[in-house]
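Chemist: Take the sequences, apply the hints, and build the full model.
There are 2 protein chains.
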Amino acid sequence: MDFYRGRRVLVTGGLGFIGSNLVRRLVRAGASVTVIDAAFPDQGANLFNLKGVLEEVVLVIADIGDLEEVSNYLVDQEIIFNLASSTSHIGSMQNPFKDLERNCSSQLRFLGAVRELSPGARVIYTGSRSQYGTPLYQPVDEDHPTKPLDINGIHKCTVEEYHRLYHQLSHIRFTSLRLTNVFGPRHQMLHDGHGFLNWFIRKALAGEELQVFGDGSQERDFLYVEDAVDAILLAGATGECEGRVFNVASEVPVSVAEAARAVAEMAGVGWRCVAYPKDRLSIEPGSVRLSSRRFREATGWSPRHTFLEGLERTLDFYGRHGHHYFHPAKGRIFLERKLD
Amino acid sequence: MDFYRGRRVLVTGGLGFIGSNLVRRLVRAGASVTVIDAAFPDQGANLFNLKGVLEEVVLVIADIGDLEEVSNYLVDQEIIFNLASSTSHIGSMQNPFKDLERNCSSQLRFLGAVRELSPGARVIYTGSRSQYGTPLYQPVDEDHPTKPLDINGIHKCTVEEYHRLYHQLSHIRFTSLRLTNVFGPRHQMLHDGHGFLNWFIRKALAGEELQVFGDGSQERDFLYVEDAVDAILLAGATGECEGRVFNVASEVPVSVAEAARAVAEMAGVGWRCVAYPKDRLSIEPGSVRLSSRRFREATGWSPRHTFLEGLERTLDFYGRHGHHYFHPAKGRIFLERKLD
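Protein sequence lines correspond, in order, to chains A and B. 22 is the number of the first residue of the first sequence in our numbering; add one for each residue after it. 22 is the number of the first residue of the second sequence in our numbering; add one for each residue after it.
Hints in this document: simulated from the structure, not taken from any laboratory. Be aware that one or more of the hints could be misleading.
Straight-line Cα separation of at most 30 Å, DSS-like style, residue types lysine-lysine; simulated pairs [stated by the list, open to error]:
1. A/168 with B/72
2. A/168 with A/119
3. B/168 with A/119
4. A/72 with A/351
5. A/168 with B/299
6. B/119 with A/119
7. B/299 with B/168
8. B/351 with B/72
Label pairs and their computed distance ranges (CB to CB) [unchecked claim]:
9. A/314 with B/333: 49 to 59 Å
10. B/214 with A/234: 42 to 52 Å
11. B/307 with A/355: 14 to 24 Å
12. A/158 with B/140: 25 to 35 Å
13. B/355 with A/355: 42 to 52 Å
14. B/314 with A/330: 48 to 58 Å
15. A/89 with B/297: 47 to 57 Å
16. B/213 with A/116: 54 to 64 Å
17. B/229 with A/214: 56 to 66 Å
18. A/301 with B/164: 23 to 33 Å
19. A/234 with B/279: 40 to 50 Å
20. B/273 with A/119: 40 to 50 Å
21. A/157 with B/314: 18 to 28 Å
We put the beta carbon where it would ideally sit given N, CA and C, even for glycine.
Modeler: Structural data, given as structure tokens:
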């Protein structure tokens, strides 16, 4: 962590789930942190996420593609954690054009400015398991074809490719981390569009029965957010990661039903299986296990938390701070914005 | 060719190079053809390309993404040859955002309308050799990773992915043909941004010396446009092609120097090697040979013209009709358009 002391670091999406957990660690490590976050109402930005460190960072509320607003803050950054992403799997099928604008257009503008204003900066991009689609073999390694099941996944690949190309042209130095299902504190709790595990926790804390779509037998290799942040920090500090794409996952398969049972037991509620909604079924890849072997070998990373430890910490966090996340307006930032 | 008699067929980009050669064949085959073409001034649209068949087609001058203009013409089409593409390798590096708008945005809007208005239509998309980037092995098959060397190549992949996803969701039935360097009659002759072979011919017919970048040793497997049109027509008529991606190339390697010498000898001019311009070097993949084995096996296709036969026909065409292509305004369509 000494690596980050005094470094000029930019975190895009730094008010959101993974971004804010990363910012907190960077501030603690003594980095000079700038946060850019668009605070889209349907995404995860929450001021409470940075409570206690908000005074230590430069906070810019703007779309990363809005260069008039953000250019000043892109000058001479050493390490850029490019986590800004508008994630909505079902939403991207209903409004693919909005997904294109928010992800590809904004990132293309942003990277164009970065290569001018912070040439040679190390840029860590966070991709996603969703880039692979339905596995052709397991565990899925980084050479597995990318056949996303929704438009958002396609655009995740396109944005990763922008990074790869600008790296190849020596404009930036990039690493992509394709993250599996990440869960933990500071995840938005207003809708179930960003993964079901935090949504289970919200339901459980409200005393409601959990609903598992299908028979719940499909497996995921959930990753606790602090372990994901470890991985992101290591990638940013390790030259050997430059120009490469890595999977990051716990490599411990847990079925959706097991996850529901664990949450239900900890919170003392029930759970049951229900039929899949149709719009969910088409974007459901079945069991997915990623191999993180390459990333472990390149960095020595391994997750520090078991699934159950992570779950306990998450339940504890929302048990204490849930009111900051269950309220539709608290901690959120409202801007004059054109409706889209 | 009987397959196309009486079929409702849409060709996007049908005023351009490959599109117009395709339209001519479709009209001859008795298809009911609609052409949509944006006639972007820097692309290949030319009214002379459809001379003699213009009266037989429905011609819509509009961007395929401009749904107000084109929706009426997307209803109940049986086969859609989706060739519309704004191609500029160097331009896409200088103005990546324009490339995104013209390709991804327009195609995303277009396909969204197609799946509503012509559900289940067969859609043949023409991709490109440029999707592969620098070969990791040769000949390049369809499983070779796609690592384009420019933004335009990345967007070619993204648009192919839109097709693949909508196919997977049963909205359309798609085939992608990744075409190698295609040359022949009806190629634009106003700039060298769409391949060097036609540009050599333009120079040679003007009595100028040909300039080969580098030592000219890098190989291509050029395809004569009529052979490319054969392939496109076969793909549209072959159910077995649905849901698949195919390379289409001659599989006969010809070096750039050999190509220059052949053109120079036919036209009686000289040629020489010059240093690479810097902006060209970064997008130069070296020798590329594609394998078309899968497509040959699926359709029985094979090219009917040797490289030299194609070259002779091309020189003959421009010798007779060159004035329609060398003039910056003749045969072109000027619209009131916002400058971009």
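Chemist: The structure should be examined with respect to each hint, and the outcome stated for every one.
Modeler: Against the structure, the hints come out as follows:
Distance restraint check for residue 168 of chain A and residue 72 of chain B: the Cα-Cα separation of roughly 42 Å exceeds the 30 Å cut-off, and the hinted pair is therefore not satisfied. Between residue 168 of chain A and residue 119 of chain A the alpha-carbon distance is near 21 Å, which keeps this suggested pair within the 30 Å criterion. With a C-alpha separation of about 26 Å, the suggested pair residue 168 of chain B and residue 119 of chain A falls inside the 30 Å cut-off, and the hint holds. Annotation: proposed proximity of residue 72 of chain A to residue 351 of chain A holds, straight-line Cα distance about 13 Å (limit 30 Å).
For the proposed pair residue 168 of chain A and residue 299 of chain B, the alpha carbon gap of about 34 Å is over 30 Å, so the pair is violated. A distance of roughly 17 Å separates the Cα atoms of residue 119 of chain B and residue 119 of chain A; the hinted pair therefore holds under the 30 Å criterion. Restraint check: the Cα-Cα separation between residue 299 of chain B and residue 168 of chain B comes to about 20 Å, which is no more than 30 Å; the hinted pair holds. For the proposed pair residue 351 of chain B and residue 72 of chain B, the alpha carbon gap of about 13 Å is at most 30 Å, so the pair holds.
Hint check: residue 314 of chain A to residue 333 of chain B, Cβ distance near 55 Å, so the stated range 49 to 59 Å holds. A C-beta distance of roughly 50 Å is found between residue 214 of chain B and residue 234 of chain A, which places it inside the suggested range of 42 to 52 Å. Under the hint 14 to 24 Å, the C-beta atoms of residue 307 of chain B and residue 355 of chain A, about 53 Å apart, miss the expected range. Remark: the range hint 25 to 35 Å for residue 158 of chain A to residue 140 of chain B is upheld by a beta-carbon distance near 33 Å.
About 46 Å separates the C-beta atoms of residue 355 of chain B and residue 355 of chain A, a value consistent with the hinted range of 42 to 52 Å. In this structure, residue 314 of chain B and residue 330 of chain A meet the distance hint of 48 to 58 Å, their C-beta atoms being roughly 52 Å apart. Distance hint check: the CB atoms of residue 89 of chain A and residue 297 of chain B are about 37 Å apart, inconsistent with the given range 47 to 57 Å. Here the CB-CB span from residue 213 of chain B to residue 116 of chain A is close to 39 Å, at odds with the stated 54 to 64 Å.
A C-beta distance of roughly 60 Å is found between residue 229 of chain B and residue 214 of chain A, which places it inside the suggested range of 56 to 66 Å. Separated by about 30 Å at the C-beta atoms, residue 301 of chain A and residue 164 of chain B satisfy the suggested range of 23 to 33 Å. In this structure the hint that residue 234 of chain A and residue 279 of chain B lie 40 to 50 Å apart at CB is violated, the actual value being about 60 Å. Against the hinted window of 40 to 50 Å, the Cβ-Cβ separation of residue 273 of chain B and residue 119 of chain A comes to about 46 Å, which satisfies the hint.
Judged by the Cβ atoms, the range 18 to 28 Å given for residue 157 of chain A and residue 314 of chain B holds: they are separated by roughly 21 Å.
Comparing the model with each numbered hint stated earlier shows that hints 1, 5, 11, 15, 16 and 19 do not hold.
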